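Participant: For the record, in the sequence shown the residue sitting at position 411 is 410 according to numbering that gives the first Met the number 0, with numbers rising by one throughout.
Calculated directly from the structure, the hints in this document are not laboratory data.
Any given hint might turn out to be false.
Listed below are the simulated EDC-like cross-link pairs for lysine to aspartate or glutamate, each with C-alpha atoms no more than 16 Å apart in a straight line [as the list claims (entries may be wrong)]:
1. 340 <-> 396
2. 269 <-> 304
3. 329 <-> 399
4. 198 <-> 103
5. 279 <-> 248
6. 337 <-> 396
7. 279 <-> 372
8. 269 <-> 380
9. 197 <-> 47
10. 237 <-> 262
11. 237 <-> 212
12. 329 <-> 373
13. 269 <-> 373
14. 279 <-> 239
15. 105 <-> 199
Note that this is a predicted model, so its numbers are computed, not measured.
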Amino acid sequence: MNQQSDAHERYATWCQERDKYFRYVEANQVPIAQKAYDLTAIESRFREYNYLPPIIQSLDEVYSDSIESCLMVKLILIYDVADAPSVECLLGSAPKCLSQQVVEEKQVFQSATFKIPRSVVMQAESYSDGSIARLLDPSMSYIGGMNIPKFQFLIGLTPLSQLFGLNGVPSLRHPFHRFNHGIYIALNNGSQIYQVRKKEPCDWGVRPVYCPDLDEVFRSSWEANFARILNFKQIPWKYEPQMFSLKLEQHSTVYMPDFHLPDIGYVELKGKWDAAGLRKVMLFRQQYPDLPLYTIDGDMMMSLDELYSTKVPGWSKMRVAPVLARVPLKLSYSHVSKVHKHQLVILSPSSLNPEGVDAILLDGGVRIGALPDEWATVFHEKMSLGMDLYAYVSGSERSECVITVSRASADMSNIVVHPFLK
Numbered sequence: 000m001n002q003q004s005d006a007h008e009r010y011a012t013w014c015q016e017r018d019k020y021f022r023y024v025e026a027n028q029v030p031i032a033q034k035a036y037d038l039t040a041i042e043s044r045f046r047e048y049n050y051l052p053p054i055i056q057s058l059d060e061v062y063s064d065s066i067e068s069c070l071m072v073k074l075i076l077i078y079d080v081a082d083a084p085s086v087e088c089l090l091g092s093a094p095k096c097l098s099q100q101v102v103e104e105k106q107v108f109q110s111a112t113f114k115i116p117r118s119v120v121m122q123a124e125s126y127s128d129g130s131i132a133r134l135l136d137p138s139m140s141y142i143g144g145m146n147i148p149k150f151q152f153l154i155g156l157t158p159l160s161q162l163f164g165l166n167g168v169p170s171l172r173h174p175f176h177r178f179n180h181g182i183y184i185a186l187n188n189g190s191q192i193y194q195v196r197k198k199e200p201c202d203w204g205v206r207p208v209y210c211p212d213l214d215e216v217f218r219s220s221w222e223a224n225f226a227r228i229l230n231f232k233q234i235p236w237k238y239e240p241q242m243f244s245l246k247l248e249q250h251s252t253v254y255m256p257d258f259h260l261p262d263i264g265y266v267e268l269k270g271k272w273d274a275a276g277l278r279k280v281m282l283f284r285q286q287y288p289d290l291p292l293y294t295i296d297g298d299m300m301m302s303l304d305e306l307y308s309t310k311v312p313g314w315s316k317m318r319v320a321p322v323l324a325r326v327p328l329k330l331s332y333s334h335v336s337k338v339h340k341h342q343l344v345i346l347s348p349s350s351l352n353p354e355g356v357d358a359i360l361l362d363g364g365v366r367i368g369a370l371p372d373e374w375a376t377v378f379h380e381k382m383s384l385g386m387d388l389y390a391y392v393s394g395s396e397r398s399e400c401v402i403t404v405s406r407a408s409a410d411m412s413n414i415v416v417h418p419f420l421k
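With the hints as constraints, model all of the structure from the sequences given.
Facilitator: Dropping the structure here:
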């Protein structure tokens, strides 16, 4: 069964369960709080809710007052313990409302419940009268989910509105939306606990950190230090502001450069070059030729560290290592016998392709092939900046060899950076 048919089957099962339960509610006098618990159980199976500890999921406080007199709003926030120091930078600036807290399975669960008089709810101007009426009517509250207008309306009734933003979906406000987090809301209207934002279960291994001096969340000390360099040089910047579509042979993918410098172009920082990263940089340059893209990897970051670490305020210590690339190269039949392990290779801009890079044996000056486009775009940029490269044949088998490329040791002490960073 494919994913699409599986999703349709789950949706049909969810609808059947809800319809069956609504018929049961109509035939029986089900307490409004029990109705909310039952609907939450049905909804959580279909939408795969995050686990909520019993004390956090409890609706006792929510249904302590009747919806005829007031609207009770319970907000639940989930985030990782590892992100707590950064998230608390945001929470610390807000009223101390998220008082209930549980820590389980390396996650923080916080909740707060607010009581809003019905008269205040009805006077709100940011939501239509009809929508408010449905929200407050237990017999109609199950209609519709938690959309953005409803979320904005409800959060606007609480003291915590300053904590949240949209960024496409309801989330913590910028830049804290970059942290993996979940948001749930419960109301005393007989509906389920609403899953506003689901916290992703996976940990990508890269832990974002909030930098107060930059008021931004970055995924590495490289990114933070680069932003500090830009501030030091008074270069305007935006972090991950735009996503681009890239066309592949059979499908498409997306790419989001790390930085946009409005007066200069886009910048990509690469601690490690992998196949996906190489391909996206190459495709971006091919498909968006009018948008300059500058890359910075370990070779250039070493120069930036040398140039700015003692000048830029707030500089973070970072690990920087030179790039050691293993580049596959296909050989023509006539060159197979000429290529041997440990032979030195000269990399040279191609005479056939303005963006290409040729591999030439030092001994004899024989051109043995062109580097793959993915790697050519990286080394062509480095050579155009005057960076010296050292290359040799590290492996050879049949019609293919591997060339290992690094920055020449004699060039390590030279400062090689993009012109706008000098």
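Participant: Please go over all the hints and tell whether each is borne out by the structure.
Facilitator: A quick look at each hint next to the structure:
1. For the proposed pair residue 340 and residue 396, the alpha carbon gap of about 10 Å is at most 16 Å, so the pair holds.
2. For the given pair, residue 269 sits about 15 Å from residue 304 by alpha-carbon distance, which is consistent with the 16 Å threshold.
3. A C-alpha spacing of about 4 Å is found between residue 329 and residue 399, which places the hinted pair at or below 16 Å, so the restraint holds.
4. With a C-alpha separation of about 14 Å, the suggested pairing of residue 198 with residue 103 holds against the 16 Å cut-off.
5. The straight-line distance between the Cα atoms of residue 279 and residue 248 is roughly 13 Å, inside the 16 Å bound, and the hint therefore holds.
6. Under the criterion of a C-alpha separation no larger than 16 Å, the hint pairing residue 337 with residue 396 is consistent with the structure, at around 12 Å.
7. About 11 Å separates the Cα atoms of residue 279 and residue 372, which keeps this hinted pair within 16 Å; it holds.
8. Note on residue 269 and residue 380: the hinted pairing holds, with a Cα-Cα distance of about 14 Å set against a maximum of 16 Å.
9. The suggested pairing of residue 197 with residue 47 holds, with an alpha-carbon distance near 9 Å, which does not exceed 16 Å.
10. For a cut-off of 16 Å, the pair hint linking residue 237 to residue 262 stands: about 11 Å separates their Cα positions.
11. Proposed proximity of residue 237 and residue 212 is supported: the alpha carbons are some 15 Å apart, at most 16 Å.
12. With a C-alpha separation of about 14 Å, the suggested pairing of residue 329 with residue 373 holds against the 16 Å cut-off.
13. Of the pairs offered as hints, the one joining residue 269 and residue 373 holds, with about 14 Å between alpha carbons and a cut-off of 16 Å not exceeded.
14. The suggested pairing of residue 279 with residue 239 holds, with an alpha-carbon distance near 15 Å, which does not exceed 16 Å.
15. For the hint pairing residue 105 with residue 199, the CA-to-CA distance comes to about 14 Å; that is within 16 Å, so the pair holds.
The structure shown violates none of the earlier numbered hints.
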